[in-house]
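**Student:** Here is how the chains run, residue by residue.
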Amino acid sequence: AQTIHQWPVAEIKAVGSPLSLGCTIKGKSSPNLYWYWQATGGTLQQLFYSITVGQVESVVQLNLSASRPKDDQFILSTEKLLLSHSGFYLCAWRTGGGNQDTQYFGPGTRLLVL
Amino acid sequence: GDSVTQTEGQVTVSESKSLIINCTYSTTSIAYPNLFWYVRYPGEGLQLLLKVITAGQKGSSRGFEATYNKETTSFHLQKASVQESDSAVYYCALVHTGNYKYVFGAGTRLKVIA
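Chains as they are written, first to last, in our numbering: chain G, 103 to 216; chain U, 4 to 117.
It is worth saying that the hints were derived from the structure and are not from the lab.
Keep in mind that the hints are not guaranteed to be accurate.
Stated by the list, open to error - Beta-carbon label-pair distances, calculated as ranges: (1) G/Gly118 to U/Asn102: 34 to 44 Å; (2) G/Ser179 to U/Ala117: 42 to 52 Å; (3) G/Pro120 to U/Ile23: 40 to 50 Å; (4) G/Val162 to U/Gly101: 13 to 23 Å; (5) G/Gly118 to U/Gln60: 43 to 53 Å; (6) G/Ala116 to U/Ser63: 44 to 54 Å; (7) U/Ser17 to G/Val111: 32 to 42 Å; (8) U/Ala117 to G/Gln175: 36 to 46 Å; (9) U/Ser29 to G/Asn201: 23 to 33 Å; (10) G/Gly143 to U/Gln50: 14 to 24 Å; (11) U/Ala34 to G/Gly144: 21 to 31 Å; (12) U/Asn102 to G/Phe190: 20 to 30 Å.
On a predicted model such as this, the values are computed, not experimentally measured, just so you know.
All C-beta atoms in this analysis are idealised placements derived from N, C-alpha and C, irrespective of residue type, glycine included.
Based on the provided sequences and hints, a complete structural model is requested.
**Tutor:** Structure representation (structure tokens):
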């Protein structure tokens, strides 16, 4: 069975400090991977997606970057946090399209920027 | 671009009563998108509830159903008789076939009271 892990579970960070959030998928080779962000009371917004190792596409510009250093790993980062980065970050992997189209989400990371 | 609208932020329903959660979508594409309902139960991760990839068809799961209406561009979620265990946040979403960009609605929090 496939499992998806996110770390850390929660973070409190200072404005201007760096951030790195991680996501690992086990039991699935070459998954399509996604990062989402949800501000408190806001909509779930897709940030990035990656089809293969080393390739990441940006969907929304939020002064964040993403990388896929390994087939099963997806990293979200920034060198300087903003207050507006606070929220809930979700990683997901996606099965095939059409009738098989399903996203499986990780447990999420809650980030508070002060 | 595409958008998904859920008009109710929160819905409160008495147990055994019927439910409808509204979802409408807008797209600039000439193609019909694939439509989804995702759900987040308390203490759990976001998961797929049901999906429909063909306009005019109905999807169903766990007693819920939604019909893809291309004329009204709607995908309302319905259940004939809700239970307390249905209390959760429900998200409507779309993606176009062959595309990697998902669009989610703002979510509707369902509270079922005894």
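**Student:** If a hint holds in the structure, say so; if it doesn't, say that too.
**Tutor:** To see whether the hints hold, each was checked on the structure:
The hint said 34 to 44 Å for the Cβ distance between G/Gly118 and U/Asn102, and at roughly 36 Å that hint holds. Hint check: G/Ser179 to U/Ala117, Cβ distance near 46 Å, so the stated range 42 to 52 Å holds. Separation of G/Pro120 from U/Ile23 is about 46 Å and conforms to the stated range, judged on CB atoms against 40 to 50 Å. For the pair G/Val162 and U/Gly101, the supplied restraint of 13 to 23 Å holds, since their beta-carbon distance comes to about 20 Å.
Between G/Gly118 and U/Gln60, the C-beta spacing of about 50 Å keeps the proposed range 43 to 53 Å intact. Between G/Ala116 and U/Ser63 the CB atoms are about 48 Å apart, so this pair conforms to the stated range of 44 to 54 Å. Distance hint check: the CB atoms of U/Ser17 and G/Val111 are about 35 Å apart, consistent with the given range 32 to 42 Å. Remark: the range hint 36 to 46 Å for U/Ala117 to G/Gln175 is upheld by a beta-carbon distance near 45 Å.
Between U/Ser29 and G/Asn201, the C-beta spacing of about 24 Å keeps the proposed range 23 to 33 Å intact. Roughly 21 Å separates the CB atoms of G/Gly143 and U/Gln50, a value that falls within the hinted 14 to 24 Å. Between U/Ala34 and G/Gly144 the Cβ separation comes to about 28 Å, which falls inside the hinted range of 21 to 31 Å. For U/Asn102 and G/Phe190, the hinted distance range of 20 to 30 Å is satisfied, since their beta carbons lie about 24 Å from each other.
Violated hints for the displayed structure: none, as all numbered hints are satisfied.
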